[in-house]
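Given the sequences, and given the hints that come with them, work out the whole structure.
Chains as they are written, first to last, in this note's numbering: chain A, 1 to 258; chain B, 1 to 262.
Please keep in mind that the hints were generated in silico from the structure rather than gathered at the bench. Remember, predicted model here, so these are calculated numbers, not experimental data. Glycine included, C-beta positions come from ideal geometry on N, C-alpha and C. Hints may contain errors.
[What the hints assert, rightly or not] Quick list of in silico lysine-lysine cross-link-like pairs, DSS-like style, CA-CA up to 25 Å:
{"hint": "1", "chain 1": "B", "residue 1": "146", "chain 2": "A", "residue 2": "132"}
{"hint": "2", "chain 1": "B", "residue 1": "249", "chain 2": "B", "residue 2": "151"}
{"hint": "3", "chain 1": "B", "residue 1": "146", "chain 2": "A", "residue 2": "90"}
{"hint": "4", "chain 1": "B", "residue 1": "54", "chain 2": "A", "residue 2": "90"}
{"hint": "5", "chain 1": "A", "residue 1": "132", "chain 2": "B", "residue 2": "249"}
{"hint": "6", "chain 1": "B", "residue 1": "249", "chain 2": "A", "residue 2": "90"}
{"hint": "7", "chain 1": "B", "residue 1": "151", "chain 2": "A", "residue 2": "132"}
{"hint": "8", "chain 1": "A", "residue 1": "66", "chain 2": "A", "residue 2": "185"}
{"hint": "9", "chain 1": "A", "residue 1": "60", "chain 2": "A", "residue 2": "215"}
{"hint": "10", "chain 1": "B", "residue 1": "151", "chain 2": "A", "residue 2": "185"}
{"hint": "11", "chain 1": "A", "residue 1": "90", "chain 2": "A", "residue 2": "106"}
{"hint": "12", "chain 1": "A", "residue 1": "60", "chain 2": "A", "residue 2": "90"}
{"hint": "13", "chain 1": "A", "residue 1": "132", "chain 2": "B", "residue 2": "246"}
{"hint": "14", "chain 1": "A", "residue 1": "185", "chain 2": "B", "residue 2": "146"}
{"hint": "15", "chain 1": "B", "residue 1": "249", "chain 2": "A", "residue 2": "60"}
[Said to hold, decoys possible] Far from chain B by the CB rule (all over 12 Å, computed), these chain A residues:
{"hint": "16", "residue": "3"}
{"hint": "17", "residue": "23"}
{"hint": "18", "residue": "103"}
{"hint": "19", "residue": "106"}
{"hint": "20", "residue": "108"}
{"hint": "21", "residue": "112"}
{"hint": "22", "residue": "218"}
{"hint": "23", "residue": "226"}
[As the list claims (entries may be wrong)] Pulled from the structure, derived: some chain B residues nowhere near chain A, Cβ distances all over 10 Å:
{"hint": "24", "residue": "8"}
{"hint": "25", "residue": "12"}
{"hint": "26", "residue": "13"}
{"hint": "27", "residue": "23"}
{"hint": "28", "residue": "58"}
{"hint": "29", "residue": "87"}
{"hint": "30", "residue": "88"}
{"hint": "31", "residue": "98"}
{"hint": "32", "residue": "110"}
{"hint": "33", "residue": "149"}
{"hint": "34", "residue": "170"}
{"hint": "35", "residue": "176"}
{"hint": "36", "residue": "220"}
{"hint": "37", "residue": "227"}
{"hint": "38", "residue": "239"}
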Amino acid sequence: MIEIDRVSQIFRTAGRQEHLALSEISLTIDDGAFVSILGPSGCGKSTLLYIVGGFVSPTKGVASIKGRPITGPGPDRGPVFQEFALFPWKSVLGNVMYGPLQQGIKSVQAEAQSRALIEMVGLRGFEHFYPKELSGGMKQRVALARTLAYHPAVLLMDEPFGALDAHTRTRLQNDLLNIWERDRKTVLFVTHSVEEAVYLSDKVVVMTRAPGRIKQVVDIGLPRPRRRSELLLDQHYQRYLVDIEGMIDDTSEDELRP
Amino acid sequence: MMISARAVLSRSAPLLACLGLLGVWQVAALAHNTDSFPTAWEAILTIPSIVGDKESLVNILASLRRMAIGFGIGVLLAVPLGLMMGRSRAVASFVNPLLMIIYPVPKAALMPIIMLWLGVGDVAKILVIFLGVSLPVIYHSFQGAKAVEEKMLWSAAAMGLSATQRMFRIALPAALPEIFTGCRTGLVLALITMITSEMIARQSGAGNILFNALDLGEYGTVYAMIIIVGALGIGLDIAFESLRRKLVKWSEPGFDIPVDFA
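Printed below as a string of structure tokens:
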């Protein structure tokens, strides 16, 4: 279980002004839940994810996992970034094997596991390609496999499909859900797409813009496994979209406030 | 496989450029016709007598040895320093002003002072070469490390890499293409400072042969030495480039069209 307890984040801007990015965020994420954080850009949603990842420490408040306060990054929380952040000097296989090798797993074993993961994300035959030789969608598949390879209990996904074209994005969403259905890891998923959040999640946390506050937490009661083709005609699904779109419209009125 | 005329031309372009330069030299020297300006052909004919002479060869090898040591020490110290500057703002703000002071000073201009302290032997010359090499390598390592994607380091941190491991196993390889650019500049500067150091502290070396010949009015030898030093520079650069290509193949454009199946 991840507990975020009254977390605030203040950034100092170049002009020495203080900018309140997150204000008093409290949130509980159950084990095995797929939770999306949804909000307009600049609402601090990624910062919240980085705090859970231990990459950024909050100005105020505490984030904890399994009852222990988060003080830094660790292999129990695996990030997947919009920028992929692959190691460009390593092949696909080398990238995926990096985590297991770091954890002291023998290279024969690490390679076998990594090859299986590469196959799972649909990249069989590309083991010896370098990141530079791959498209954006393929890079993100590698990044996902690389993170899954060290068995984190929590996946931290920071707008992972934000840089991809619509078609690739849809395919990766479907594949992510299929992979998630197998072992039901806890997923914290940051996005600004309402449709993506509702399609994937058990819970959607809607945030307001600067300072980032939780506007509302919406439980998505759609049955799983979900099929996009069925959902698109589903009235409940459509209702969720309309409701959440409405919440975001409300918050964009004070858009220009510093 | 047929090789087109254009490919042959582009492959041999560097050679043609060299021949062109020698041709211009030849014509200019013939037109000028003075002792202090031998023709290209005369200079080339003098090369075997230098390279064949044991003492000259020992001198040239001594130069190269000093250059290799100065370059080696320079790279070994400059790369970690540059990386630390790139990853720590505190280190950068401390070291940067020092570098700015040293940067515009021609390293050879420090030679008289260094000679005063360390004499005219190898140590003084190696120190000057080291100074010449260090700055571009520090600078490029610094820039390379600064440009390393934060998220890449975060990904490594999540895998359990410590700060030191991230520095040498993530920041170093990620900055390697940029570091190599610095080393390539450093290599040329090493050659230049090598010759200038020997010009000031004349005791042995390629620079010593060159300037002694100038004093004795052996202009053929002077020009032949210039050709030899130039050839050394080109040779080292080619060797370094092929090493670089092998090590940072992953960053090279060329196969820039990514595959996609989606």
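Status of the hints after comparison with the structure:
1. 146/B x 132/A: Between residue 146/B and residue 132/A the Cα gap is close to 21 Å, so the pair holds against 25 Å.
2. 249/B x 151/B: The given pair, whose Cα atoms are some 22 Å apart, holds under the 25 Å limit.
3. 146/B x 90/A: 20 Å, holds
4. 54/B x 90/A: 48 Å, violated
5. 132/A x 249/B: 11 Å, holds
6. 249/B x 90/A: Status holds; Cα separation ~11 Å.
7. 151/B x 132/A: 17 Å, holds
8. 66/A x 185/A: 14 Å, holds
9. 60/A x 215/A: 20 Å, holds
10. 151/B x 185/A: Within the cut-off at roughly 22 Å; holds.
11. 90/A x 106/A: Answer holds: residue 90/A to residue 106/A is near 18 Å, not above 25 Å.
12. 60/A x 90/A: 38 Å, violated
13. 132/A x 246/B: 16 Å, holds
14. 185/A x 146/B: Roughly 35 Å between the alpha carbons, so the hint for residue 185/A and residue 146/B is violated.
15. 249/B x 60/A: Distance ~45 Å between residue 249/B and residue 60/A Cα, so the pair is violated.
16. 3: 20 Å, holds
17. 23: At roughly 24 Å from the nearest Cβ of chain B, residue 23/A sits farther out than 12 Å, so the non-interface label holds.
18. 103: Given a closest Cβ separation of 7 Å, the condition is violated.
19. 106: Holds: least Cβ distance 17 Å, greater than 12 Å.
20. 108: Fine: 19 Å to the nearest Cβ keeps residue 108/A off the interface.
21. 112: 19 Å, holds
22. 218: Correct as stated: the minimum Cβ-Cβ distance to chain B is 29 Å, above 12 Å.
23. 226: 21 Å, holds
24. 8: 30 Å, holds
25. 12: 30 Å, holds
26. 13: 28 Å, holds
27. 23: At roughly 42 Å from the nearest Cβ of chain A, residue 23/B sits farther out than 10 Å, so the non-interface label holds.
28. 58: Check passes; 41 Å lies beyond 10 Å.
29. 87: It holds; residue 87/B is separated from chain A by about 15 Å at its closest Cβ, greater than 10 Å.
30. 88: Residue 88/B is indeed farther than 10 Å from all Cβ atoms of chain A, at 17 Å.
31. 98: 26 Å, holds
32. 110: 37 Å, holds
33. 149: 6 Å, violated
34. 170: 7 Å, violated
35. 176: 7 Å, violated
36. 220: 49 Å, holds
37. 227: 39 Å, holds
38. 239: For residue 239/B, whose nearest Cβ neighbour in chain A is about 22 Å away, the distance exceeds 10 Å, so it holds.
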